[in-house]
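Asker: Starting from the given sequences, assemble the full structure and let the hints guide the process.
Protein chains: 4
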Amino acid sequence: MNDARRSISISPRGDAFRDECGVAAVFGHPEAAKMVYLALYALQHRGQEAAGIVSVEDEKMRRHAGTGHVAEIFREEALQALGGTHSIGHVRYSTAGESSRDNAQPLVMSHRRGPLAVAHNGNLVNAQEIRRRLERVGSIFRSTSDTEVLLHLVARSRAEGLPEALCEAIREIRGAYSLVICDQRRVIAVRDPHGFRPLSLGRLEQGRPVLASETCAFDLMGARFERDIEPGEVLVIGPDSEESSLFPLPKQQPHPCIFEYVYFSRPDSRVFGRSVGDIRRALGAQLASEHPAEADLVVPVPDSGVAAAIGYARGAGLPFDFGLVRNHYVGRTFIEPSQSIRHFGVKVKLNPVRSLMAGRRVVLVDDSLVRGTTMHKIVTMVKDAGAREVHVRISCPPTVSPCYYGVDTPRSEELIAANATIAEIREYIGADSLGYLSLDGMHRAVGGEIGEFCAACYTGDYPLAPTDFGRDASQDEFGGSGPEDLRQPGGGAMEETSG
Amino acid sequence: MNDARRSISISPRGDAFRDECGVAAVFGHPEAAKMVYLALYALQHRGQEAAGIVSVEDEKMRRHAGTGHVAEIFREEALQALGGTHSIGHVRYSTAGESSRDNAQPLVMSHRRGPLAVAHNGNLVNAQEIRRRLERVGSIFRSTSDTEVLLHLVARSRAEGLPEALCEAIREIRGAYSLVICDQRRVIAVRDPHGFRPLSLGRLEQGRPVLASETCAFDLMGARFERDIEPGEVLVIGPDSEESSLFPLPKQQPHPCIFEYVYFSRPDSRVFGRSVGDIRRALGAQLASEHPAEADLVVPVPDSGVAAAIGYARGAGLPFDFGLVRNHYVGRTFIEPSQSIRHFGVKVKLNPVRSLMAGRRVVLVDDSLVRGTTMHKIVTMVKDAGAREVHVRISCPPTVSPCYYGVDTPRSEELIAANATIAEIREYIGADSLGYLSLDGMHRAVGGEIGEFCAACYTGDYPLAPTDFGRDASQDEFGGSGPEDLRQPGGGAMEETSG
Amino acid sequence: MNDARRSISISPRGDAFRDECGVAAVFGHPEAAKMVYLALYALQHRGQEAAGIVSVEDEKMRRHAGTGHVAEIFREEALQALGGTHSIGHVRYSTAGESSRDNAQPLVMSHRRGPLAVAHNGNLVNAQEIRRRLERVGSIFRSTSDTEVLLHLVARSRAEGLPEALCEAIREIRGAYSLVICDQRRVIAVRDPHGFRPLSLGRLEQGRPVLASETCAFDLMGARFERDIEPGEVLVIGPDSEESSLFPLPKQQPHPCIFEYVYFSRPDSRVFGRSVGDIRRALGAQLASEHPAEADLVVPVPDSGVAAAIGYARGAGLPFDFGLVRNHYVGRTFIEPSQSIRHFGVKVKLNPVRSLMAGRRVVLVDDSLVRGTTMHKIVTMVKDAGAREVHVRISCPPTVSPCYYGVDTPRSEELIAANATIAEIREYIGADSLGYLSLDGMHRAVGGEIGEFCAACYTGDYPLAPTDFGRDASQDEFGGSGPEDLRQPGGGAMEETSG
Amino acid sequence: MNDARRSISISPRGDAFRDECGVAAVFGHPEAAKMVYLALYALQHRGQEAAGIVSVEDEKMRRHAGTGHVAEIFREEALQALGGTHSIGHVRYSTAGESSRDNAQPLVMSHRRGPLAVAHNGNLVNAQEIRRRLERVGSIFRSTSDTEVLLHLVARSRAEGLPEALCEAIREIRGAYSLVICDQRRVIAVRDPHGFRPLSLGRLEQGRPVLASETCAFDLMGARFERDIEPGEVLVIGPDSEESSLFPLPKQQPHPCIFEYVYFSRPDSRVFGRSVGDIRRALGAQLASEHPAEADLVVPVPDSGVAAAIGYARGAGLPFDFGLVRNHYVGRTFIEPSQSIRHFGVKVKLNPVRSLMAGRRVVLVDDSLVRGTTMHKIVTMVKDAGAREVHVRISCPPTVSPCYYGVDTPRSEELIAANATIAEIREYIGADSLGYLSLDGMHRAVGGEIGEFCAACYTGDYPLAPTDFGRDASQDEFGGSGPEDLRQPGGGAMEETSG
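Chains as they are written, first to last, in this note's numbering: chain D, 1 to 499; chain X, 1 to 499; chain H, 1 to 499; chain Y, 1 to 499.
It is worth saying that the hints were derived from the structure and are not from the lab.
Incorrect hints may have been included.
Once the Cα atoms are required to be at most 25 Å apart in a straight line, the calculated DSS-like pairs of lysine-lysine come out as [said to hold, decoys possible]: (1) X/Lys349 to X/Lys377; (2) X/Lys349 to Y/Lys349; (3) H/Lys349 to D/Lys349; (4) H/Lys349 to H/Lys383.
Answerer: Structure (structure tokens):
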């Protein structure tokens, strides 16, 4: 207890949105699990705390999963054991300290059609409701994951085949789901009718199909991007490499998540048909035109603010430079001296370059502002390094509402923009000026109409009512691919660790 | 593959019965999980490859489980995290190399009555049958354990409370089951109507109830033995420390497992109302009267044959000594030189004392003879050490049939006594004479009538027909608290590892 | 062996100079070891494979050392155990797979003046010679480190005190050495008369002295830079916080290593009195004036080429952007699919952004070109991504000679610039043009005269003859803070691993 | 700190003599290191906390060492890496918590004759004195081991070859030393002229020589015992398998350690020409004749008291049985409940069998009594289990003096027999009677004259004056193969841990 005070957790983005999840699948490749491993490696930024791969060899399903980075979890031996020609995988964020094995993805179960594995990016908004209904008729749950609800629905379907059962099941669920699924002979990809989260189809040599949350995974696998899985599509691959698309749900207006552009996806990915890096620079340029600054230098908050800062600098005609140097060797925890050092937590990750900033008027560009505590420390640090003025520019509108579709946002109470005016925020972070990109400007940079994307985190306008949640319920209680600590009807909860 | 040739697995008893399981529970103690840990520690001999503890604190259920010995799995930190005043635990054998997390016991699930945990010693004989039926109506299985079947039956019961649902569920299952179960407010103990496996009730100071497979666990916990859980009894403890016994099934002739006396239980335990050590010495004395030998020395095969050898020596009036010294530092695997050494596998564990045996006529006493390969090596080793004659005596009848009630026996094809005459066995192991205890003599030593115990492994007389199994199906395919690799109706299987 | 083919090592800079070492020390601080830990953390880029800290409490010396990153080696428990008010530390590169514990730094020994610890950045050029001499008079060596030679000289000195003995010892050694040393009551800093490697003095609050290879360590510790340790200076701190400077060697023309500016040091450090980042941008700008390019975009090879690329872009008036995205989650090893993927090794670390580069004429800026193999892959990858032309610019002159003063360079045979003309190199890497900065231009950007720095790697002009080495002997055989596998006079060698 | 209160250390023999060391060597075998591994495995009882192996392949020396049991330290991979045809190894006790790598044996160093490795069983009594002398002339010490002193003497010898230098060196040292040494082409065995500790020569097939502390190692290796290395002998094996014996020291009256028979050696070993098991039974029989008891049962304190108890039972004509059952799964540490349980520490290891002891008069036999605290708990436990009377019998005389020759005994202050009369001890342990074997009776059982063995721990009569130690200095300060924490002349000390 005493000691805990002295060791602080340094998450890759402390005061920030926690990452969500990434999924990948390969069919018909002699080293399927290794290819999925490559994909997860490229998708590591979407979920840095746990990963799992399932592969099928001779109709036998094997899983290897663990906590940590992909490169730590999968060693040669583990990958060799994952034989077979089709495989699916998952990377995820998981609450620190809780390594709930039963929630580890891909989830694996056996039912009358044989073994089945599912990897899920997104979040169902009526999982609790269905779960209560299923429990009333005698279902048991081994995990607290909303994904397990889907497995139950598949198992209870009277349909003969898996694809048909799956179509039945997704008629009952609502929410965000980009899924990759495998059984003994097939791989299936599913994307919800809103298309909240991305999911793309690529081709390896000889036309072997691969699936991944982002196209940067294809680059590492040596695959070619073919197309996005369409909102509402169920793509069945197999048993004999044949592919067929089902659309079991009525067509709807899709609402892909605009935040994938702002923060989540890698700049070298194409997401929802557009280059993420291009959009980020456009966001920065648009920001420069909306909120210019009399300044000498544009400095990004690395690494997330870099592309927008380049766009801003270019738009504003100002020099761009790395006034903050990031330490890339940051580990999971860091031992703090008890004699506290000013802005210690931020210093571990970022160091200001005095020679660049002393005496200068600096524009600091970042992609979002969550609680504001980190930005306060950065602004102070930059001023301590001699900056004459600090102008903070954020490449999206103020974040005011939590996400129910798979992004792990803090509760509204913790979102500074939901509780303070722009002026108050500027005051709090200590900047000389503060500018957020407008909703309109964001859509212009992205190249879409207002309403074309889900932008609920900026507007509170939810395309799909979250029935599981009360007003402003947050992801901390029920979210992502699985809350660790679901309160039971009877008032209880399950938790577990494994040695 | 190549290297594998050179490293051999040294299980504590290689050519032997693999251990079964042990269970324990504590209710109303401020350090419940620590007390269960002590119990598992004392029960380690019943299952040396995996262990788990579940505890309940503030209606929240936590599990910690792992593979290895109890002392390795549960460190201070893990035990501190397992707070609360009631707790259950499990030790088990698990197939080497497969650390199927989903089969780890206690099994935990959530259903409409809240979270529930079960630890199971024994084996159901109609689990497959029920499982197929449940799958047909849409149940999903996360493990291949027969115990999960029980959880489904409890969940599907319309009964309001857990005790009632449990009573309903056990009306459907058949087989061997000594169970400890906990939910948010209760601990429940169940023993099948045949009473195949032991389960005892003890008291800590202030009358706090504890449950354990053997009484040696009470000794370490500082508890006093009160009584055995009766065959067919469902003992409900809680919510408020009240205790009540239910007997939901029609009374039956019990058949406790006689093999618990011969091999499984610790000599310092009382099992089924009798001292195991006393019985083992009586088995040895009876053996001496049935199969005397003209010899100079009685030598046990350590450690399992020690008590019977003492009984034999005393009965025969011969000196007893440790002619075979056991190496207690034997690890999980042992690196074998490629230049093979005579009787290497046995030498790692046992070393003959030449000064004791040279020129002597030796009676070698062991408690069982499974495949005969190990005994062949031991007899040769003892002769190499100079013994003039070697007379092998086994303190039970020939083992001819597999067990379906929770003991992991080899298939009939591998049981030497099912496939060879006594004379052939003697010839094979190279002994000068060989004597097995008679069925009658065994019962006399135990102090019971023939038919009072389950002695099916010696007689083939099964008190309960194993419907899941074909003729002579073995535990390697479906057994213990869970086969790792259950073939699915669809022909598939699940397997998993965790990093 | 077979498997080894499939797992490739991904060092942070594969085809590159391996890092050298970093040292740090603290005196008179209640959490001395924790402050040294912070310093090592900031110096991680100077040696990413091993680290160690020694601290002194109540005249008792303790060491904790290990392989891996600083944050992995030093956990709370280890740091708590390193009590006391003075401490020294070391980060280093070590040959993969060989974790020679006896070479771990700080080296600790005991001699007649008590225990002594030394951390060394640099390389002695006459260590072998002295070692042979010492062995002839009966010295024994526990490691193959050149640093151990220094310890022997100190031990054999007749001088009474440590500072005097140290002064005697350094009269015998030649080479590059920035040392921090501690005994029971003092910390001593030493810099060789050529001043090859940096070493700076800073102050914590209350004037407590700290020492570190680079000033970025002071930033994280919350210390203020005071001055560089002068070439040839022996700074003795203690026993009672008094500080005195000795200059035991005749004054010489210093030759600080110019490569510290080009590659080694962090851009936010001040080294040899100048800002590293400023110099790197100046190198880029100078490069732009010497080797302009008709191009659309300047793209750095991240991370080392970023500052020079910004300078180049600014100098050339061209847009700057991250056309290559770096994956920061790269682990130590990476499992390669056996079905080889084009440019796999580079792809794991870098991914080209097609949308930025397609159809464009790209200037690729990096800080050095060692074997050329990596640059060949990058150029091909950039062309595959659609770049119309690729113009490679290197922010220093061609590297033609190995370093004997502590930088782990490949042998001359492996240095492409030592074996090929510029035209041939351009041809090999597949670039449309190739430009290296001139020696003169490099000095102009650095702001010094030719001859003021050691630039032997570019000129072959060694300020100090390397007597231990034959012509072009390389660091692979005897270098850094210790080769792992020193051939003995008798032809033998020592190697060790630890479990 | 707080938590530490709750986890207790369970050493295999808590209140007991800590084990000493074991050594082994092999020459001319294609799998030399694997054979040494087998030997260490068999010698595990002589040192259970650390082990190391050195092998030589192509004149290159490799070491693998670690803490823990032999089977944990040496995995397939580590053994494969230890190629070559000659090898030496060491097992040792090491102070808990201090894993001083630099003290790990075999010690390896390089000197002018090339690399050299030494494994040492025993303790030098003038190491400190020589060390001080060597430090005065400039030697440095990397460890606190007395063995390093020997290496320095070898290095400083002017003799050309290693055997000659070694002969010179051992002329300077005094104390107990059974050594195995290897350089690039030889294995050398040395036993001090007093022959304190055992060391035997055996032969593998084809006459390949092997060396080990006890003959039980030969049994596992498949080797044949040939002879003991003689006191004062230096046996040189190699370079080309030739063997020659040197006797560089004047012949002396040997004094082999009688305690090897009483406690250390395995009962299946031959030591100093006699069977250890035979002697232990003789000690028990002699004890029965000296201290008979009116009793019903003879019970050993397992495992060390078993052989003597069998001898006692046989001598006294009383039945022998295991009234105390030992738990062999005891791990390194054990988590204690905070609500303390009576005699907890002993209960973890031993459980009394009530059915055997209730109402009986019990003779408890053990091989030694150190502090008496454990025996006090055992006697109380046995009485709690219902024993009517408890008669304690110890199979050696009272232990009154510490050992300076390699056995880790407590200081005199902690030896109960050095501070209390027999009557007081009986009172303290709570026994109804207490009998120690007489000095005379011990020698009779061993079959030797008084004075033939070193029995200093029983008599205080030291064959060799311990100049390094003051009166009653204990092994805690300077002992075994190396104290961890040697106070320096200057008052300091070295300590280290490794991550």
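Asker: Taking the hints in turn, state whether each one holds.
Answerer: Hints and how they fare:
{"no.": "1", "hint": "X/Lys349 to X/Lys377", "result": "holds (12 Å)"}
{"no.": "2", "hint": "X/Lys349 to Y/Lys349", "result": "holds (21 Å)"}
{"no.": "3", "hint": "H/Lys349 to D/Lys349", "result": "holds (21 Å)"}
{"no.": "4", "hint": "H/Lys349 to H/Lys383", "result": "holds (17 Å)"}
Figure legend: structure checked against the earlier numbered hints; every hint is met.
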